[in-house]
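Asker: Now for the letters of each chain:
Protein chains: 6
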Amino acid sequence: MEYKPLSGREFPRFSAIKTFFRLPYVAIDADYEVGIFGIPFDGGVSYRPGARFAPAKVREVSSLGRGFHMTRQENFFEKLKVADIGDCPTVPIDMAQTYERIEKFVGEVLSHNKRFLSVGGDHSTTLPVLRALRKKYGKPLAFIHFDAHLDTYPAAWGQEYHHGAFARHAVEEGLVDPKKMVQIGIRGPLAGGDDLDFVRKHGIRVITVDDVRDVPLNDFLKTLPTFDETPTYISYDIDNLDPSCAPGTGTPVPGGLTTYEVQRIFRALKIPHLVGGDVVEISPPFDQSDITALAGLDALFEMLHLFKTK
Amino acid sequence: MEYKPLSGREFPRFSAIKTFFRLPYVAIDADYEVGIFGIPFDGGVSYRPGARFAPAKVREVSSLGRGFHMTRQENFFEKLKVADIGDCPTVPIDMAQTYERIEKFVGEVLSHNKRFLSVGGDHSTTLPVLRALRKKYGKPLAFIHFDAHLDTYPAAWGQEYHHGAFARHAVEEGLVDPKKMVQIGIRGPLAGGDDLDFVRKHGIRVITVDDVRDVPLNDFLKTLPTFDETPTYISYDIDNLDPSCAPGTGTPVPGGLTTYEVQRIFRALKIPHLVGGDVVEISPPFDQSDITALAGLDALFEMLHLFKTK
Amino acid sequence: MEYKPLSGREFPRFSAIKTFFRLPYVAIDADYEVGIFGIPFDGGVSYRPGARFAPAKVREVSSLGRGFHMTRQENFFEKLKVADIGDCPTVPIDMAQTYERIEKFVGEVLSHNKRFLSVGGDHSTTLPVLRALRKKYGKPLAFIHFDAHLDTYPAAWGQEYHHGAFARHAVEEGLVDPKKMVQIGIRGPLAGGDDLDFVRKHGIRVITVDDVRDVPLNDFLKTLPTFDETPTYISYDIDNLDPSCAPGTGTPVPGGLTTYEVQRIFRALKIPHLVGGDVVEISPPFDQSDITALAGLDALFEMLHLFKTK
Amino acid sequence: MEYKPLSGREFPRFSAIKTFFRLPYVAIDADYEVGIFGIPFDGGVSYRPGARFAPAKVREVSSLGRGFHMTRQENFFEKLKVADIGDCPTVPIDMAQTYERIEKFVGEVLSHNKRFLSVGGDHSTTLPVLRALRKKYGKPLAFIHFDAHLDTYPAAWGQEYHHGAFARHAVEEGLVDPKKMVQIGIRGPLAGGDDLDFVRKHGIRVITVDDVRDVPLNDFLKTLPTFDETPTYISYDIDNLDPSCAPGTGTPVPGGLTTYEVQRIFRALKIPHLVGGDVVEISPPFDQSDITALAGLDALFEMLHLFKTK
Amino acid sequence: MEYKPLSGREFPRFSAIKTFFRLPYVAIDADYEVGIFGIPFDGGVSYRPGARFAPAKVREVSSLGRGFHMTRQENFFEKLKVADIGDCPTVPIDMAQTYERIEKFVGEVLSHNKRFLSVGGDHSTTLPVLRALRKKYGKPLAFIHFDAHLDTYPAAWGQEYHHGAFARHAVEEGLVDPKKMVQIGIRGPLAGGDDLDFVRKHGIRVITVDDVRDVPLNDFLKTLPTFDETPTYISYDIDNLDPSCAPGTGTPVPGGLTTYEVQRIFRALKIPHLVGGDVVEISPPFDQSDITALAGLDALFEMLHLFKTK
Amino acid sequence: MEYKPLSGREFPRFSAIKTFFRLPYVAIDADYEVGIFGIPFDGGVSYRPGARFAPAKVREVSSLGRGFHMTRQENFFEKLKVADIGDCPTVPIDMAQTYERIEKFVGEVLSHNKRFLSVGGDHSTTLPVLRALRKKYGKPLAFIHFDAHLDTYPAAWGQEYHHGAFARHAVEEGLVDPKKMVQIGIRGPLAGGDDLDFVRKHGIRVITVDDVRDVPLNDFLKTLPTFDETPTYISYDIDNLDPSCAPGTGTPVPGGLTTYEVQRIFRALKIPHLVGGDVVEISPPFDQSDITALAGLDALFEMLHLFKTK
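Chains as they are written, first to last, in numbering that gives the first Met the number 0: chain A, 0 to 309; chain B, 0 to 309; chain C, 0 to 309; chain D, 0 to 309; chain E, 0 to 309; chain F, 0 to 309.
One chain only, chain A, in its complex shape:
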């Protein structure tokens, strides 16, 4: 099995069955090294749903993807075997059961010693992914979290688990190490002043949009945290971006990052041991000309390059 994207110069990019980056669609236990899969679920969202359609849409726009990273001067698809391994089973109308299925699916991916990227889904789907990783690696992960929101919020409508609470649970359940956790793109308004209590108490580093822009970008990039050999996970909520770059998302917040700033942040991150990542909260029904999906694809592409060859 050759793990190469279908060439756009041979097969027009609008043709063919849609898989992530036009890569082969293989079984979960095939001999790929990095698997990309979808988690089509938006049952944890508080405002605009639609993220259930994101895996299909990102597959579609990934037809536009190319393989050679101009800054890194390398073709990742020639370095590691990457494949589309389909969609994780979900129950569209039940979060608890969806959580079980996600944890099981990711557990199986990990049981084959694979690394992975997923396309959500709303942000509530990240929690069971982290649970599976925690089990696999036996200790809390280092965690890079792009978002407009802290996602450390309390229960809503009497429900503990929703897309604005996953990060709190991840810390409270010991899935991630708050000392090795950074949140990027955060901005207000918040629901209340106590929204920041959690991150302060746990010592989580919060990088706001102001932090990114108060100095020239190249200077800011030097202040990014460094990571050690701790297994590290990246969760990329598309709403870290400004609504002009990512209109198609569940809870957009003006004053966000640009796709360019995010590209530069990804390129500046040094992560010795990335084990997985996700792109979440793309809502195609609210997107325009697929620019949000394209921004998500771009993040996926950048993240891919953070995986090390073994």
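Keep in mind the hints are simulated off the structure, nothing from the lab. Everything numeric in this text was worked out from a predicted model, so none of it was measured. Please note: incorrect hints may appear among the correct ones.
One copy or two, either will do: identical chains are not told apart, so a pair holds if it fits within one copy or between any two.
Unchecked claim - Heads up, simulated DSS-like pairs for lysine-lysine below, C-alpha to C-alpha not over 30 Å straight-line:
1. 200 <-> 78
2. 80 <-> 309
3. 103 <-> 221
4. 103 <-> 3
5. 200 <-> 309
6. 3 <-> 200
7. 200 <-> 269
8. 221 <-> 178
9. 221 <-> 134
10. 3 <-> 179
11. 138 <-> 200
12. 135 <-> 78
13. 221 <-> 3
14. 178 <-> 80
Assemble chains B, C, D, E and F onto chain A, guided by the hints.
Answerer: Below, chains B, C, D, E and F without anything else, positioned relative to chain A:
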């Protein structure tokens, strides 16, 4: 308190706080006779979500509504006191708890001896409404069900309750009387041949689009069932309409009814004892120029005229 | 000067400067016989504006127009000299002055003994057109009025003139003869029961959608009124059509006519002396895939064939 | 290999890799009986392009498809082995080479003695399909052609081959038998009176929209032509439908058929020897809420049932 | 009466009657301190209309608003009593009368010694607001004006008052003090070189986009003018933003500010005596995914924090 | 003949026949100095088509254009005679013949010693324009190329000529001088590492987005290349912009330039001998609220000011 729509000739229709038909927004125990409320919930939907935004959108387009029914030659708002009583509480991410809140809310409306119309929400929300009505009236209801789908389907993804199974549960729980039940607008394809077993077994009358169109419309209207003094409920799934008339819905099916046919059906129905009704499955994110919402509003307006003055 | 549409088989339909039907754009006093012009004004509209963009949009979609009428078996552009004579001057923010400019412009067209079609604009623009025609012809016109609404409504917000009152003024000012007037496509709801007083009092014939559909279409067509040598004008409000056919309009009403029914009505009308006509209330910002504009273009095309060669 | 659609009750319809009807994606020489493939090409279109995206979009919406035909009371997927065999290779910017590749691809499908349905693509793509069929079957085909346009038009811009000329070439090249050919949905306007010369000369039966509607639908259906054992092909141009049903197409024409009428026509056709068919001219960039794609899917589903078990 | 936004953690943000920030809707003479109201009028606009729908749309998206300002570390809604006081009466088709009604309405708000924010409406609506303020405070106001355009333009189409002339009239009528006036976001092209004569002659400070970006943002912010105890008004035309951030506006101009820059400007302004402000020129029919409305809401939120507690 | 834009203060901007900048539409041999024309062709595009509609759309939005350049403090339309000279003939379905017609049309423009700007069309249309210029001027041109892509790519689908290869052909055919060529806005990803071989080999200067942003903008502008008296051409592919600024294009790439940066680059360029330019790859069917078309218009306006008075 005067229960009159705000006049469009005094206050432009695009202005003012949006309530159903520009009626007063009053408390659940005020002295209105027919209450209109929203049930913003789409957690039971199998394909396109978005119905959570329907109550807000129907309120908005109802600014275009007028009060005098040209065929009936009467202004319903001068006959009965109609009011907007707000939205039923829901839990966007939990169906079981939402069911409880709906049943409780409708129960409270009924405890004040009110009749009502609601704007869903996906079709799963009709079940708890029927449960509350069953309790109130102490016997199964007569039931008029507009839909492209039978909604008598089995569990999906291991879940008993979803927007395609509410009618089955309504029958099985004894909430409605299958002998006094009619389904209008039904058409294929179906998932399987056994999809019809349920309606056959229970003797539910199914009126397909073919049935409506095989004879001139006026002739068809004469074949509509008659209703007796049994408390009667109407559930109007917007997808009974053709996608050209109602693109903004969760699971559109080509070959459906037109808004005109539906108007004529509503005007031909004789219902001595209507106790409530709903319009469900309008999904504004998938609508175009609000025509689906307008079609839903029109059904709401027609249904209103089926309530008797006491 | 040759009055022929630019051929789509020579010049692709998406190319070239946009004029109505790709006809020559000529001066108001050129030697054409039927002039088509725009009246870009929507200052009289009560709900959705945007008709100001209709002349430009109808010009654009008229690139798709073809010249040979399949039912009539004739090419109108070979029978009469038709031309685009540009847009009537308007004052976007002042109705009274716009009325003056419209009346003056139409007066000038008529002073050259031309017949014409115009593309509005909201329906308030028809009144000054009728005033100019009344002056020219010295007597009230016969009047065919396609619309969902009667447009005989009273003042709104203290204003006499608005898009829902033009027909009342036309009658009251003696511009049209109510005995030779027919309104087609009318349907409810109305604001009040007295909305019908005006048409009853003046004996205006109202053809509702029910009237059109209560018998087979071919039978209905035989009941259309006949017209005599009285100068006759047609005003075609696109909202006579159902929202599925014409979503892009100011005040859509479900349950309307189809484009097919309207084609058949136009083909059945016998008008010995048509002097002008208009298509109004197309609002491109609310249109979808230009289908409303295309429906308006189609009406324009049908109307054109009602002009007699002299 | 089991040729069964993925169940929507097990795997949510918005999940999984998108294939036609969620069927298996297999090689061209696998043991399926009816293959469905895409022809993503819009290089022959005269106005709105975009049909290149139709195969991907129809695959996506076919997730909504169900298998049991309510009128026919059968599940076609249980009768014949149907599969997605991917997309035919095309050259997006060269029609001549695309023609070669289409003819070769279809030839290969036929060499394995398969029957097939394809999703275009603009209507120019039907010609090479017919060429391959003519070669295979050694004689002209019977031909059912749904369209607003005759597609028998002369060269445009000096080019013989374009999406409005394929039917003329099919007749002139002897690919189809004009005596066994019917065109359904035709309506004007035409470019010129001589547009009808070709069909008259060749005795092709033209069924206009008027023909369909001049009598009750059930009566019309009895007048449909019958077909003999001649290998028969169906080409379904989505623009036979009214723009309200199919806004997303290259050259929409008001006054078209409804999806319901088309369903009934398909169900009334008796075709002893259907060898293939296509759905063409769906342009997703101009579609609204995917209703055009859904209408195309519906036609695909109906056509499928016209294949006989051997 | 408690002036607190409805909590999104109790009542889902997509539910409930839509008021600004989910605040109580109260009478004009209630005991609130800052009233927010709509001015739904777009009769003064020169290109794209639609701002009449802005108050309703901003109310809708304000459901997404939260209350705690992350930079200021305060919850404004806990400091001052803020309420929705409905919409100012307007006459959609008459500017002069609308001016009277606006001036009267604002006069009444001021008669109760309230401060306020309004959501227009096109920019022509700011003039009568300033007239009412001038009367109340007895002297010209200090004036902060965000805009792409100077709005000091001469009459158009013979009309003195339109959305591009309000600032000129405000100066000429002595409503604002040009020496205490600043225009932010200005950029070309202009209609003519003399467009700048007015601001030069009156010594109005004009801050162009170049001015904002020629130095690092933090440095620019230090150059903002300071304000004294003069009653100060802010008029925020959404088209000061770049079309990527605010596509839904009447006359967009490329090369504009970003929402982030505007946030920083608002946070840097020191205004001892803010008496009112507005957000104008949001045109929902031209918006995409509500990002323009969200940007307007964000400006509203920032402006709110500039009101002092007394 | 007066070459002045129609005034927006006399004739509302939404009215009148649409020409570029509301300039007169004149014959190719009239006495204008700079001609603007359309090249409606998208037959060379690899992904999203639609650029065939760009000339019509840019004409439409150019109604919003104004004439006085605020930074340059001059009204170009008063300095040089600018006119709309219509659209170049194209063959929508044949690239080779379209190339011939473009070269012939541009040749004729040049034969009258005119300078020009064109609105494409996809980027494949620039090649025949350069061929005509090369013939006219007898030597390779200096060439400024804005783009996300290098467009020096090899054949695709066996075809030499497509929208991603024009720059390679321009160099290989000696139409432009690679030493006097600069590409601005370039960014990855690329198809392969060898994509850069061509520009390296020919010594073409490539300015990436990183290059533009690694220093303050004013510093970057000083590093722009200078041009000598060599006839110079500018080709502006709208996809050099970020998708947030230009969603409506054929192959969008995140991380692009902003309209503001491009304005500043245009204003900083010193070009003694500009002979022509184009704006290409605007695809209106994929645009949102016309912001891409507006960005293209803005580039057209800036380019116009680079023409010298003779």
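Asker: Work down the list of hints and note, for each, if the structure agrees.
Answerer: Here's how the hints hold up against the structure:
For the homomeric pair residue 200 and residue 78, the shortest alpha-carbon distance between copies (26 Å) is at most 30 Å, but the shortest distance inside one copy (41 Å) is not. In this homomeric assembly, residue 80 and residue 309 come within 30 Å of each other (Cα to Cα) only inside a single copy, at 12 Å, whereas the closest approach across copies is 44 Å. When the C-alpha separation of residue 103 and residue 221 is checked against a cutoff of 30 Å, the pair qualifies neither within a copy, at 38 Å, nor between copies, at 55 Å. In this assembly of identical chains, residue 103 and residue 3 lie within 30 Å of each other by CA distance both inside one copy and across copies; the values are 28 Å within and 26 Å between.
Taking the closest pair of Cα atoms, residue 200 and residue 309 never come within 30 Å of each other, the shortest separation being 37 Å inside a single copy and 35 Å across copies. In this assembly of identical chains, the alpha carbons of residue 3 and residue 200 lie at most 30 Å apart only when taken from different copies (28 Å versus 46 Å within one copy). With identical chains, the CA atoms of residue 200 and residue 269 are at most 30 Å apart within one copy only, with a shortest distance of 26 Å there and 33 Å across copies. Taking CA atoms no more than 30 Å apart as the test, residue 221 paired with residue 178 passes inside one copy only; the shortest distance there is 19 Å, against 36 Å between copies.
Proximity of residue 221 and residue 134 under a CA criterion of 30 Å is satisfied in neither setting, with 33 Å inside one chain copy and 52 Å between copies. Taking the shortest alpha-carbon separations for residue 3 and residue 179, neither the intra-copy value of 34 Å nor the inter-copy value of 37 Å comes in at or below 30 Å. For the identical chains of this complex, residue 138 and residue 200 are intra-copy neighbours only, at 21 Å inside a copy versus 51 Å across copies, given an alpha-carbon limit of 30 Å. Only within a single protomer do residue 135 and residue 78 lie at most 30 Å apart by alpha-carbon distance; the minimum there is 25 Å, versus 46 Å between protomers.
Taking identical chains as interchangeable, the C-alpha atoms of residue 221 and residue 3 are never at most 30 Å apart, the minima being 34 Å within one chain and 43 Å between chains. Within a single copy, residue 178 and residue 80 get their C-alpha atoms no closer than 32 Å, and across copies no closer than 40 Å, so neither meets the 30 Å cut-off.
The structure does not agree with the numbered hints 3, 5, 9, 10, 13, 14 stated previously, though it agrees with the rest.
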